[in-house]
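Please build the complete structure, drawing on both the sequences and the hints.
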Amino acid sequence: MSTVVAAPAAGTESSGTRRPRRGGEQDASGKLFNRLAATCVTLFALIWLVPFLWALITSLRPNEEIAANPTTPWSDDWNLDAYSYAWNSSPLGWWYVNSFVISTLTVVFTVVVCSMAAFALVNLDFRGKYVVFGLVLAGLMVPVEALVLPQFLEFRTLGLLGTYWAVILPSVALPVALLVFHSFIRAIPVALIEAARLDGAGWWRIYSQIAMPLSRPAISAVAILTFITSWNAFLWPLLVLTQTKSQTIPVGLSSLVGGSAIQYAETMASAVLGILPLLAVFLVLQRQIAQGVANTGIK
Amino acid sequence: MTATALPAPRSGVEATRPATAGRAPRSENRAGWLFATPFLALYLAFLIGPVVIGLVISLFNTTTVRAGVGSWVGLSNYADVLTNADFWASMWHSALFTLLTTPILVLLPLLFAVLVSRMSRNQWFFRLAFFAPYVVPSAAVCLIFAFMYTPETGLITNAFGWFGLTAPDFFGSTSGAWFAVVLLTVWWTFGFNFILYTAALQEISEEVYEAATLDGAGPWQQIRMITIPLLRPTIGLVLILQVLSSLKVFDQIYILLTGGPNYTTRPVIQYIFDTGFSAYRGGYAAAATMVYFVVLVVVSVAWFLVRRRSNSADA
Numbered sequence: 000m001s002t003v004v005a006a007p008a009a010g011t012e013s014s015g016t017r018r019p020r021r022g023g024e025q026d027a028s029g030k031l032f033n034r035l036a037a038t039c040v041t042l043f044a045l046i047w048l049v050p051f052l053w054a055l056i057t058s059l060r061p062n063e064e065i066a067a068n069p070t071t072p073w074s075d076d077w078n079l080d081a082y083s084y085a086w087n088s089s090p091l092g093w094w095y096v097n098s099f100v101i102s103t104l105t106v107v108f109t110v111v112v113c114s115m116a117a118f119a120l121v122n123l124d125f126r127g128k129y130v131v132f133g134l135v136l137a138g139l140m141v142p143v144e145a146l147v148l149p150q151f152l153e154f155r156t157l158g159l160l161g162t163y164w165a166v167i168l169p170s171v172a173l174p175v176a177l178l179v180f181h182s183f184i185r186a187i188p189v190a191l192i193e194a195a196r197l198d199g200a201g202w203w204r205i206y207s208q209i210a211m212p213l214s215r216p217a218i219s220a221v222a223i224l225t226f227i228t229s230w231n232a233f234l235w236p237l238l239v240l241t242q243t244k245s246q247t248i249p250v251g252l253s254s255l256v257g258g259s260a261i262q263y264a265e266t267m268a269s270a271v272l273g274i275l276p277l278l279a280v281f282l283v284l285q286r287q288i289a290q291g292v293a294n295t296g297i298k
Numbered sequence: 000m001t002a003t004a005l006p007a008p009r010s011g012v013e014a015t016r017p018a019t020a021g022r023a024p025r026s027e028n029r030a031g032w033l034f035a036t037p038f039l040a041l042y043l044a045f046l047i048g049p050v051v052i053g054l055v056i057s058l059f060n061t062t063t064v065r066a067g068v069g070s071w072v073g074l075s076n077y078a079d080v081l082t083n084a085d086f087w088a089s090m091w092h093s094a095l096f097t098l099l100t101t102p103i104l105v106l107l108p109l110l111f112a113v114l115v116s117r118m119s120r121n122q123w124f125f126r127l128a129f130f131a132p133y134v135v136p137s138a139a140v141c142l143i144f145a146f147m148y149t150p151e152t153g154l155i156t157n158a159f160g161w162f163g164l165t166a167p168d169f170f171g172s173t174s175g176a177w178f179a180v181v182l183l184t185v186w187w188t189f190g191f192n193f194i195l196y197t198a199a200l201q202e203i204s205e206e207v208y209e210a211a212t213l214d215g216a217g218p219w220q221q222i223r224m225i226t227i228p229l230l231r232p233t234i235g236l237v238l239i240l241q242v243l244s245s246l247k248v249f250d251q252i253y254i255l256l257t258g259g260p261n262y263t264t265r266p267v268i269q270y271i272f273d274t275g276f277s278a279y280r281g282g283y284a285a286a287a288t289m290v291y292f293v294v295l296v297v298v299s300v301a302w303f304l305v306r307r308r309s310n311s312a313d314a
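In order, the protein sequence lines correspond to chains A and B. For the first sequence, numbering that gives the first Met the number 0 gives the first residue as 0, with consecutive numbering after it. For the second sequence, numbering that gives the first Met the number 0 gives the first residue as 0, with consecutive numbering after it.
No lab work stands behind these hints, which were simulated from the structure alone. Mixed in with the good hints there might be a few duds.
Stated by the list, open to error - Straight-line Cα separation of at most 25 Å, SDA-like style, residue types lysine to any residue; simulated pairs: (1) A:Lys244 <-> A:Ser254; (2) A:Lys244 <-> A:Gln262; (3) A:Lys128 <-> B:Leu39; (4) A:Lys244 <-> A:Ser88; (5) A:Lys30 <-> B:Gln220; (6) A:Lys30 <-> B:Ser116; (7) A:Lys128 <-> B:Leu304; (8) A:Lys30 <-> B:Arg223; (9) A:Lys128 <-> B:Phe45; (10) A:Lys244 <-> A:Val100; (11) A:Lys30 <-> B:Ile222; (12) A:Lys30 <-> B:Arg126; (13) A:Lys30 <-> B:Ala211; (14) A:Lys30 <-> B:Leu107; (15) A:Lys244 <-> A:Asp80; (16) A:Lys128 <-> B:Trp32; (17) A:Lys128 <-> B:Gly48; (18) A:Lys244 <-> A:Ala279; (19) A:Lys244 <-> A:Tyr95; (20) A:Lys128 <-> B:Thr36; (21) A:Lys244 <-> A:Pro276; (22) A:Lys30 <-> B:Ser119; (23) A:Lys128 <-> B:Ala44; (24) A:Lys128 <-> B:Asn28; (25) A:Lys128 <-> B:Leu33; (26) A:Lys128 <-> B:Val50; (27) A:Lys244 <-> B:Thr257; (28) A:Lys30 <-> B:Phe124; (29) A:Lys128 <-> B:Val51; (30) A:Lys128 <-> A:Val111.
Note that this is a predicted model, so its numbers are computed, not measured.
What follows is the structure, encoded as structure tokens:
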């Protein structure tokens, strides 16, 4: 698979990748090893950026020029025409709105519903608690993606097909999210909660004013990952959102694949527009996102 | 999305938290249920519900066009599914995709995470380059790669020429199609595993390496004798997450190839999609769903049991 593409080296020459963090004093062979490793990894990382750059470059070139010189990363006539064309020829604006509303609502519901249940499982003694916990653990092993057909029939019976709810509801009760909250809330000292009880605080106040503020890392991890997952979901929204205007970004964009073979720039412009919102979020929250993946995926 | 599956059962100790002494007062019992009810209701309705519905419908000759379940046919849908060559072909395609992607996506990110962790600076750059594709929607990935795979003019097609090779027919031949979809998947989901490894690497204490250096261990020895053994649990985790998400492949193959050429790459989910939603054979597709569902559950349960055993062996 290393046959990818010789990167037309982008300007981001990463100086200083050569100093070994680990190991302190190194002998000559150690230095050589680290230098070699650094070069290799840097090259690989640059190759990784090629598809992004290629889409961006193509979207800024005129179609005739692309057809004449398909692999030249340069243009004599950079322009944004393809973007205005892409924006006007498909309901991208609607797709943005739909994706945004669906993802945001999914995040809000997931965080509230899962953290409440986790709080109950940690701090409240109620009958059947262990059965509930067992159900949650079992839920980790249920591959929801495989169940689209029965799920579809269920939503048709409920009359919810074509609505935002059809996309939002199935992804709210997420066992992993509950477990992430569970492990955070469990780390809160019991004494703190008992003190609040003695002061006469109700359970809702303890949940909203003690447990939640103290689980902020869990909230951000769950929120970020739910947002990405929900924004990028494809199969389920494809099935339930059939109107062009009600589709989300991934579903809408997929209809452009294999479309007109000559409108390279427009197609790439749509791809860039589809990537942009989440990539912007990613650039701002890079560290938190990486942390979130690590927190939820590991141990 | 392939690698989106975040699930990872945390070690099974949660359930053993000692109950706070004595019986629960009634108010606490009620509060507990009130807090847990929204989750439970949605969980039962949309996670357990579809399993039950799928099970029931697989026993009827339901069609997807009309409401109602149709008439009882017993196990004949299952008999049809299990003797259908197209179904097994699609099962094989999902398995083949798993076999092709898993080794690359478990080992390559491991190698690069280990190498990157040895660098002192610019780690953000690697995180950016490797992880950014993960936040890109599948359809956008497919748009870009379809363009790069274009016969004659595509960037990747041409890249083969730079090395004196001829590019395979990415859309017309089965092997070319597999190559295309595997390469795309590696690019797209590499970062997720990379981040999992990176996080685990950060937990390894610096002192271990310092001690090893004092003892005269070179970098390669350090990686082999310290890093890899300490990462073993993470490698196991990445492996199972990768297997499960690869078995559920749909997006890339459907968008890029529609399972083609001539259904030779069609994965199970698309088979269920085609029979259930295009051919309207709801009962039959539900039976296929249940067979596939059982395979996935068996894989996760097997992993869970293996983990439990190795955890208790460690303790």
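Are lysine 30 (chain A) and leucine 107 (chain B) close enough, with their CA atoms no more than 25 Å apart? This hinted pair holds, its Cα atoms lying about 23 Å apart.
Agreement of lysine 244 (chain A) and serine 254 (chain A) with the hint, judged by alpha carbon distance not exceeding 25 Å: 13 Å, holds
Proposed proximity, leucine 33 (chain B) with lysine 128 (chain A) (alpha carbon, max 25 Å): Judged against 25 Å, a Cα distance of about 12 Å means the pair holds.
Pair hint lysine 244 (chain A) and aspartate 80 (chain A), alpha-carbon separation not exceeding 25 Å: 23 Å, holds
Between lysine 244 (chain A) and serine 88 (chain A), does the CA-CA distance stay at or below 25 Å? 13 Å, holds
Hinted pair lysine 30 (chain A) and phenylalanine 124 (chain B), Cα distance within 25 Å: 22 Å, holds
Holds or violated: are the alpha carbons of lysine 244 (chain A) and valine 100 (chain A) at most 25 Å from each other? 14 Å, holds
Next pair to validate is lysine 244 (chain A) with alanine 279 (chain A); report whether the Cα-Cα distance is within 25 Å. 24 Å, holds
Is the Cα-Cα distance between lysine 128 (chain A) and alanine 44 (chain B) 25 Å or less? Answer holds: lysine 128 (chain A) to alanine 44 (chain B) is near 19 Å, not above 25 Å.
Would the pair lysine 244 (chain A) and tyrosine 95 (chain A) pass a check requiring their Cα atoms to be no farther apart than 25 Å? Holds, at about 10 Å.
Holds or violated: lysine 128 (chain A) to valine 51 (chain B), with C-alpha atoms at most 25 Å apart: 23 Å, holds
Pair hint outcome, lysine 244 (chain A) versus proline 276 (chain A) [Cα-Cα no greater than 25 Å]: 19 Å, holds
This entry satisfies every hint, going by the numbered hints stated previously.
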